[in-house]
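Okay, so the sequence shown: first residue is 34 according to the working numbering, each after it adds one.
Hints are computed from structural coordinates only; laboratory data are not their basis.
Keep in mind that this is a model prediction, so the values were computed, not measured.
Note that the Cβ used here is the ideal one computed from N, Cα and C, for glycine as well.
Hints are supplied without guarantee of correctness; some may be wrong.
Distance ranges between label pairs, derived from CB positions [stated by the list, open to error]:
(1) 148 <-> 187: 26 to 36 Å
(2) 188 <-> 152: 49 to 59 Å
(3) 164 <-> 132: 43 to 53 Å
(4) 111 <-> 132: 25 to 35 Å
(5) 63 <-> 90: 32 to 42 Å
(6) 87 <-> 63: 33 to 43 Å
(7) 89 <-> 109: 42 to 52 Å
(8) 149 <-> 118: 43 to 53 Å
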Amino acid sequence: GVQRRWRGLRGRRDAAARGTLQAVVRSWRGCVAEEVAAVLVLQTAWRSLLARRIAAARRTAVAMMQVACRRFGACQRMWQRRCAEAATRLQAQWKAASARRHFQALRGGALTIAAMWRGLVGRRHAANLRRFQERRRRWLAASALALAASAEAAERELAAAAAAQEAALATEAEKAAAEEMESVAEARADVKTDGDGMSAAVATAVTDADADTPTAAETNAATDADADAVSETEAEVE
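When you get a sec, could you build the whole thing from the sequences and use the hints?
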């Protein structure tokens, strides 16, 4: 009976101890579960923070890489454009230099040909001009001789004509003077016979006759006019 009681007591004690232990274990497990939950929350928050930081760092790194790549691409494109522009300028300068050399060569050849042609044309023109001047000089000399001969002939003819005209004028003047003198003598005779009444009429007739008679001055003026006409004719012939 004692053993039974002892075993019962021990069993009750053990059961109470197991119950207490189980309660302690359950409470510890609850605390542990809460701690685990808190740790999980902390881990989750820390991991999310780390993930966000890593994502931000990755985005920053990607953005920096993109910027670097874009900068590199832009630099490459700018370098290529500058190289192309430099090559274009070099080609343009080379083409311009080649064109200038070619143009200068052509211009030099053209100038040489033009100088040779102008020299040939100038020599031909000078020879033709010398021949023309020689022919002109000969023709002028012959013309001058012919004109001098014709002028001398014309002068002789004009002198003969002037002398003949002067002789004719002198003869006519002498005839007219003689006729007037005869008429005057007859008028005076008639006046003497007719009387003093006719003296005035006779005197008037004598005055008119004297006025109509050419004087020596008028004869000289006519001769000078004929000489001037001869000089003008000689000038026209020359």
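Right, here's what the structure says about each hint:
Checking the proposed 26 to 36 Å range against residue 148 and residue 187 shows it is violated: the Cβ atoms sit about 55 Å from each other. Here the CB-CB span from residue 188 to residue 152 is close to 51 Å, well matched to the stated 49 to 59 Å. With their beta carbons about 47 Å apart, residue 164 and residue 132 fall inside the hinted range of 43 to 53 Å. For residue 111 paired with residue 132, a C-beta distance near 31 Å keeps the hint of 25 to 35 Å intact.
The hinted range of 32 to 42 Å is satisfied by residue 63 and residue 90, whose Cβ atoms lie roughly 39 Å apart. Remark: the range hint 33 to 43 Å for residue 87 to residue 63 is upheld by a beta-carbon distance near 35 Å. The hinted window of 42 to 52 Å between residue 89 and residue 109 is violated, with their beta carbons roughly 30 Å apart. The hint said 43 to 53 Å for the Cβ distance between residue 149 and residue 118, and at roughly 46 Å that hint holds.
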